[in-house]
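Participant: Sequence:
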Amino acid sequence: MSSISVRYGSRPIMSDQSTLAMAAKAKAMYGKHLKSEDYTELLRKRTVQEIAGYLKNETAFREILAGINEFAIHRGHLEMLVRQTFFLDFLELIRYSQSKNDHFYEYGVLMMEIKQILMTIRLLSETDKTSQIAQLPIFANRLISFDVEELIKVNSFDELLSVLKSTPYYQILKPLKPKSLLDIDYSTYEIELKAYYFKRVNEIIEHEFKGKDKEDIRDMFDTQIELDNITKIYRLKKYYNASPFEIKKVLNPTYKRISKKTLMEWIDQKDAVQFLQAVHDHAYDIPTDIKEFQYIEYQTDVIMFELTKRLMRFSTNPNIILVAYLNLLEIEIQNVVDIIEGVRYKVENDKIAKLLIY
1 MSSISVRYGS RPIMSDQSTL AMAAKAKAMY GKHLKSEDYT ELLRKRTVQE IAGYLKNETA
61 FREILAGINE FAIHRGHLEM LVRQTFFLDF LELIRYSQSK NDHFYEYGVL MMEIKQILMT
121 IRLLSETDKT SQIAQLPIFA NRLISFDVEE LIKVNSFDEL LSVLKSTPYY QILKPLKPKS
181 LLDIDYSTYE IELKAYYFKR VNEIIEHEFK GKDKEDIRDM FDTQIELDNI TKIYRLKKYY
241 NASPFEIKKV LNPTYKRISK KTLMEWIDQK DAVQFLQAVH DHAYDIPTDI KEFQYIEYQT
301 DVIMFELTKR LMRFSTNPNI ILVAYLNLLE IEIQNVVDII EGVRYKVEND KIAKLLIY
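For the record, in the sequence shown the residue sitting at position 59 is 59 according to the working numbering, with numbers rising by one throughout.
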């Protein structure tokens, strides 16, 4: 399969009918997402099979779960089917945006590709590929620039490069080839691939949006990058005692609410707790009480959830709605997976509930 490339030209002109169809479809689908009462019911379930039965009979997951025997389903199989909802919904929505000149949907393809590559790198030394198989975008394989099913056969970096040979990822990863699996530094690959992802997304935004729509979509992605940087800084300071130099070299050079000058000063002068306090005081309402602090990723996900929920409600641009919907769907899927795993491993209900975002 040939690699996907962004083709530039005049800004795509989508008909009002197409715009309304995309917006209406996504908002209708979002209207079927899990409600507070659904989460309450799911948290009452005592087995994976009870969760499967509720999802199959009472929620929008009924479509993907239609053929299952909920009384016999295994946790891994249920999680795999729940995760496939993301790819099915993505394909359903991009039917409205795959016009000759409209390429924004490719952002979602890039996101899927990079997630699969990073997962493969992380699991190179593992013999059990169950978790990887569960997250393969099987339904979206026709859009992806390499055969995702080949990834589960990969056991070496050379084999990974072979699968990616005809894609841009080959040129990114080849210079980073480790001497052995023991020399793999996952963060290096994550940094390079995410940098490529955001670079391509910015190129697409620049050529396919204008006015308020461009401001809104750029705000969403820039906020995501900045929150990702904040997470890296906090974790590197708190758990790895990393030097300012080590921290700065892993950041994406995007600044939204915190200027570059200010961020560099915080990295140089503050420890993890002081850094989080500065972020709280000047940029984002991230809790600073570590006793109440689950994971910083949870808190940044909450911020992105609120931002995308607003865009989902108020935007009429189909591409912005696509991004917002997929972000919200990804959070919902993770909620369901957290409940399934929590019940499977007999985690207390209140602890599971604290992981959920809705």
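If you're looking for bench data, these hints aren't it; they were derived computationally from the structure.
Keep in mind it's a predicted model, so treat the numbers as computed, not measured.
Mixed in with the good hints there might be a few duds.
[What the hints assert, rightly or not] Here are the simulated BS3-like cross-link-like pairs (lysine-lysine), alpha carbons at most 25 Å apart as the crow flies: (1) K248 <-> K45; (2) K194 <-> K165; (3) K270 <-> K27; (4) K270 <-> K210; (5) K238 <-> K35; (6) K177 <-> K165; (7) K174 <-> K214; (8) K270 <-> K309; (9) K214 <-> K177; (10) K45 <-> K32; (11) K210 <-> K232; (12) K248 <-> K232; (13) K256 <-> K27; (14) K153 <-> K165; (15) K25 <-> K210; (16) K270 <-> K232; (17) K35 <-> K45; (18) K45 <-> K115; (19) K238 <-> K199; (20) K270 <-> K256; (21) K351 <-> K238; (22) K45 <-> K354; (23) K238 <-> K32; (24) K214 <-> K25; (25) K210 <-> K115; (26) K199 <-> K165; (27) K256 <-> K214.
[What the hints assert, rightly or not] Per label pair, the in silico range of CB-to-CB distance: (28) K346 <-> K179: 37 to 45 Å; (29) K260 <-> P168: 21 to 29 Å; (30) D147 <-> K32: 27 to 35 Å; (31) D271 <-> F314: 16 to 24 Å; (32) F314 <-> E192: 31 to 39 Å; (33) K212 <-> P253: 24 to 32 Å; (34) N241 <-> E206: 36 to 44 Å; (35) L182 <-> P253: 15 to 23 Å; (36) A24 <-> T47: 48 to 56 Å; (37) D147 <-> K248: 46 to 54 Å; (38) A21 <-> S131: 32 to 40 Å; (39) R310 <-> D128: 19 to 27 Å; (40) I138 <-> P168: 19 to 27 Å.
Quick reminder that beta carbons are idealized off the backbone N, C-alpha and C, glycines included.
Participant: Next, verify each hint and record whether it holds.
Facilitator: Hint by hint, here is what the structure shows:
1. A distance of roughly 45 Å separates the Cα atoms of K248 and K45; the hinted pair therefore is violated under the 25 Å criterion.
2. Distance check on the hinted pair: K194 and K165 sit about 19 Å apart at the alpha-carbon level, within 25 Å; holds.
3. For the hint linking K270 to K27, the alpha-carbon distance of about 43 Å lies beyond 25 Å, and the restraint is violated.
4. Under the criterion of a C-alpha separation no larger than 25 Å, the hint pairing K270 with K210 is inconsistent with the structure, at around 39 Å.
5. For the suggested pair K238 and K35, the alpha carbons sit about 35 Å apart, so the restraint of at most 25 Å is broken.
6. Restraint check for K177 and K165: satisfied, since their Cα atoms lie roughly 14 Å apart, inside the 25 Å limit.
7. Taking the CA atoms of K174 and K214, the gap is about 34 Å. The hint is violated against a cut of 25 Å.
8. Taking the CA atoms of K270 and K309, the gap is about 33 Å. The hint is violated against a cut of 25 Å.
9. Note on K214 and K177: the hinted pairing is violated, with a Cα-Cα distance of about 37 Å set against a maximum of 25 Å.
10. A distance of roughly 21 Å separates the Cα atoms of K45 and K32; the hinted pair therefore holds under the 25 Å criterion.
11. Distance restraint check for K210 and K232: the Cα-Cα separation of roughly 31 Å exceeds the 25 Å cut-off, and the hinted pair is therefore not satisfied.
12. Between the alpha carbons of K248 and K232 the distance comes to roughly 10 Å, so the proposed pair stays at or under 25 Å and holds.
13. With a C-alpha separation of about 28 Å, the suggested pair K256 and K27 falls outside the 25 Å cut-off, and the hint is violated.
14. About 15 Å separates the Cα atoms of K153 and K165, which keeps this hinted pair within 25 Å; it holds.
15. In summary, the hint linking K25 to K210 is supported, as the alpha carbons are separated by about 23 Å, within the 25 Å threshold.
16. For the suggested pair K270 and K232, the alpha carbons sit about 14 Å apart, so the restraint of at most 25 Å is met.
17. This hinted pair checks out: K35 and K45 have alpha carbons roughly 16 Å apart, not beyond 25 Å.
18. Proposed proximity of K45 and K115 is contradicted: the alpha carbons are some 31 Å apart, above 25 Å.
19. At most 25 Å may separate the alpha-carbon atoms for a hinted pair to count; K238 and K199 exceed this at roughly 29 Å.
20. Among the hinted pairs, K270 with K256 is consistent with the structure: their alpha-carbon atoms are about 20 Å apart, no more than 25 Å.
21. A hinted pair counts as satisfied when its Cα atoms are at most 25 Å apart, and K351 with K238 qualifies at roughly 23 Å.
22. Restraint check for K45 and K354: satisfied, since their Cα atoms lie roughly 16 Å apart, inside the 25 Å limit.
23. For the hint pairing K238 with K32, the CA-to-CA distance comes to about 40 Å; that exceeds 25 Å, so the pair is violated.
24. Taking the CA atoms of K214 and K25, the gap is near 22 Å; set against the 25 Å cutoff, the hint holds.
25. At most 25 Å may separate the alpha-carbon atoms for a hinted pair to count; K210 and K115 exceed this at roughly 29 Å.
26. Distance restraint check for K199 and K165: the Cα-Cα separation of roughly 21 Å lies within the 25 Å cut-off, and the hinted pair is therefore satisfied.
27. Distance restraint check for K256 and K214: the Cα-Cα separation of roughly 15 Å lies within the 25 Å cut-off, and the hinted pair is therefore satisfied.
28. Between K346 and K179 the beta carbon distance is about 42 Å. The supplied range of 37 to 45 Å therefore holds.
29. A C-beta distance of roughly 28 Å is found between K260 and P168, which places it inside the suggested range of 21 to 29 Å.
30. In this structure, D147 and K32 meet the distance hint of 27 to 35 Å, their C-beta atoms being roughly 32 Å apart.
31. For the pair D271 and F314, the supplied restraint of 16 to 24 Å is violated, since their beta-carbon distance comes to about 39 Å.
32. One distance hint, 31 to 39 Å for the beta-carbon pair F314 and E192, holds here, with the actual separation near 35 Å.
33. Take K212 and P253: their Cβ atoms lie about 25 Å apart, and the range 24 to 32 Å holds.
34. Our hint of 36 to 44 Å for N241 and E206 holds, since their Cβ atoms are close to 39 Å apart.
35. Against the hinted window of 15 to 23 Å, the Cβ-Cβ separation of L182 and P253 comes to about 31 Å, which falls outside the hint.
36. Separated by about 38 Å at the C-beta atoms, A24 and T47 break the suggested range of 48 to 56 Å.
37. Distance hint for D147 and K248: a CB-CB separation of about 37 Å, inconsistent with the stated range 46 to 54 Å.
38. As the Cβ distance of A21 to S131 is approximately 36 Å, the hint placing it in 32 to 40 Å holds.
39. For the pair R310 and D128, the supplied restraint of 19 to 27 Å is violated, since their beta-carbon distance comes to about 41 Å.
40. A hinted range of 19 to 27 Å for the beta carbons of I138 and P168 is consistent with their spacing of about 23 Å.
Violated hints, in rising order: 1, 3, 4, 5, 7, 8, 9, 11, 13, 18, 19, 23, 25, 31, 35, 36, 37 and 39; the structure is consistent with all others.
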